[in-house]
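Spelled out from the first residue to the last, the chains are:
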Amino acid sequence: MNKKERKKHLIHLAFWTWSWVLTLAIATFGPEFFWEEKSALTIVAIVVNLAIGILMVLANRKLFNHYDELERKIHLESMGLTLGLAVIIGLTYSLLDQKNLIHSDAEIGFLVGFISITYMISLMVNRKRYS
Amino acid sequence: MKNKVRELRKLQGLTQEQLAELIGVSRQTINAIEKEKFDPSLPTAFKMSKLFGYPIEQFFLYQETE
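Listed in order, the protein sequences are those of chains D and L. Taking the working numbering, the leading residue of the first sequence gets 1, the next gets one more, and so forth. Taking the working numbering, the leading residue of the second sequence gets 1, the next gets one more, and so forth.
Since the hints were derived computationally from the structure, they do not count as laboratory data. Just so it is clear, the structure is predicted and the values come from calculations on it, not from any experiment. Please note that a few of the clues may not be correct.
Unchecked claim - The list that follows gives simulated cross-link-like pairs (lysine-lysine, BS3-like), each with its CA atoms no further than 27 Å apart: (1) K73/D x K2/L; (2) K50/L x K3/D; (3) K35/L x K3/D; (4) K4/L x K128/D.
Take the sequences, apply the hints, and build the full model.
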């Protein structure tokens, strides 16, 4: 297992992740604070954010392909659990919103937060299981 | 699956870290294999077999009930 190569993949992923977060913030707040809402800049900011998001996913795939067999198993199990729960919880949340059983509107941010937390917890649990 | 990886590794005078390095996996993977919590892939088992100088079936003991 090449630790230098692992570090390189991690740095690439961190770079694209932070770039994505930054461009997302620009695309979100730019039209509000820096330029007109219907400006071409808004479209450019969204397209740049999308492109960087794709590069972030590709960097994540490269890192994943560098994992060894146990790490892949741990990540795949965590991803499977996270995907299943995200679909179930996401649809339940959406249904609650449609039927007006929750006070606020259903926000995609809730689902993103839920996915992140579920993935982190299942990674920790799976790592513990195999340690 | 039951195995004798720890025994053979010690016989070769290797640490988990060294064995991991030699066969291209993480130390955590070697630890999980030795604790019989994880069964390695066929390529990893063959690499171990070559390194230890024993056929795979001598240190990975398959049981029907698994």
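Evaluated hints:
1. K73/D x K2/L: The hint holds at about 19 Å.
2. K50/L x K3/D: Holds - the C-alpha atoms of K3/D and K50/L are around 24 Å apart, at most 27 Å.
3. K35/L x K3/D: holds, 24 Å
4. K4/L x K128/D: Between K4/L and K128/D the Cα gap is close to 23 Å, so the pair holds against 27 Å.
Taken one by one, the earlier hints all hold for this structure without exception.
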